[in-house]
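J.: Here's the letter readout for the chains.
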Amino acid sequence: MQNKQELKSISVFVSLEKIESNLSEIGFSINGTTTIVADGKFWKKMLYIRGNERISISEEIGDAYPKDPIITICASKNTISKVIDGVKKTNAALRM
Amino acid sequence: MPLYECNEHQFVENIRRLIETSEKFLVNRRIIMYDDAKYGPSTLPEEEFRRYATICIRKSLKSTVFSKIPFIDEFHGRIYEKCESLHGSSNLLFPRMSIPYYKVEYSINVWGGTYFFTFDALFEPEIVIEKRSGKRLGRGTLIHVLKYNPPEERILSISLPTNVMVFDVKNMIRVIDYSLRF
Chain A
76 MQNKQELKSI
86 SVFVSLEKIE
96 SNLSEIGFSI
106 NGTTTIVADG
116 KFWKKMLYIR
126 GNERISISEE
136 IGDAYPKDPI
146 ITICASKNTI
156 SKVIDGVKKT
166 NAALRM
Chain B
59 MPLYECNEHQ
69 FVENIRRLIE
79 TSEKFLVNRR
89 IIMYDDAKYG
99 PSTLPEEEFR
109 RYATICIRKS
119 LKSTVFSKIP
129 FIDEFHGRIY
139 EKCESLHGSS
149 NLLFPRMSIP
159 YYKVEYSINV
169 WGGTYFFTFD
179 ALFEPEIVIE
189 KRSGKRLGRG
199 TLIHVLKYNP
209 PEERILSISL
219 PTNVMVFDVK
229 NMIRVIDYSL
239 RF
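Taken in sequence, the protein lines are chains A and B. Taking this note's numbering, I'd label the letters of the first sequence as residues 76 to 171. Taking this note's numbering, I'd label the letters of the second sequence as residues 59 to 240.
Heads up, a few of these hints could be off.
Stated by the list, open to error - Derived pair list, reagent style DSS-like, types lysine-lysine, alpha-carbon separation capped at 25 Å:
{"no.": "1", "chain 1": "A", "residue 1": "116", "chain 2": "A", "residue 2": "157"}
{"no.": "2", "chain 1": "B", "residue 1": "96", "chain 2": "B", "residue 2": "161"}
{"no.": "3", "chain 1": "A", "residue 1": "119", "chain 2": "B", "residue 2": "96"}
{"no.": "4", "chain 1": "A", "residue 1": "116", "chain 2": "B", "residue 2": "161"}
{"no.": "5", "chain 1": "A", "residue 1": "116", "chain 2": "B", "residue 2": "205"}
{"no.": "6", "chain 1": "B", "residue 1": "205", "chain 2": "B", "residue 2": "96"}
{"no.": "7", "chain 1": "B", "residue 1": "120", "chain 2": "A", "residue 2": "142"}
Since the hints were made in silico from the structure, they are not lab data.
Given these sequences and hints, build the entire structure.
T.: Here's what the structure looks like:
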């Protein structure tokens, strides 16, 4: 039986590499990337998939500082908790 | 009906709140392709411009872009010679090189207001060497070809739970609801 999917979006001051490493640890793999323009800025949008669970990360392209990628999670409650915990461990400066 | 613009984070979180309150709602999505010269290589950030570096060169961001080698822009059916001016952030009479894109709009209508999130997804450049023939090229000449591949729908989509219904629409026409006037 599939777990009920929930939705969560977080904006974090954590580097993309650390987020990717965290996602890889819990079994997500990259499924595609594209370049988007939103709010007058260029963003790299990446999609990660594990089974029917999907996580997308949008990170601003360029020298913007500080970078705060937007993580959108559509997954089970357990997976959402794992992603948020991973981010919290990496950096205490989490904005939710 | 007021329109409220959201960024991705706000839009997704608003949907999450609606799901949690069991409020019934519908997400509308509109995806339309544009090629109106809104985007070109001159205004791309360095990281993105590097994807075009085989065929063109520029001094810095927003400076004029020139072709390094002759190439064909397959999407627009144009041939460029070496050292041709391709794009500049200042007004070129005809912005020659442009990047097509999808305009993606998501919206939800709740309690008489429309909340929307919109973004443009650029087509992916692919540069290959191919044999082409033509008046200007001669017969079976090897030349660089710039192709634009549309981004896949699964990447354009906002990941939403399966119980959230998404309707694709062609256009949204705003109407005045006179019943709300007292």
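J.: A separate judgement is required for each hint: does it hold in the structure or not?
T.: Hints, one by one, checked against the model:
1. A:116 - A:157: This hinted pair is violated, its Cα atoms lying about 30 Å apart.
2. B:96 - B:161: holds, 11 Å
3. A:119 - B:96: holds, 18 Å
4. A:116 - B:161: holds, 14 Å
5. A:116 - B:205: This hinted pair holds, its Cα atoms lying about 24 Å apart.
6. B:205 - B:96: holds, 18 Å
7. B:120 - A:142: Roughly 22 Å separates the two Cα atoms, so the pair holds.
Checked against the numbered hints above, the structure breaks only hint 1 and satisfies the rest.
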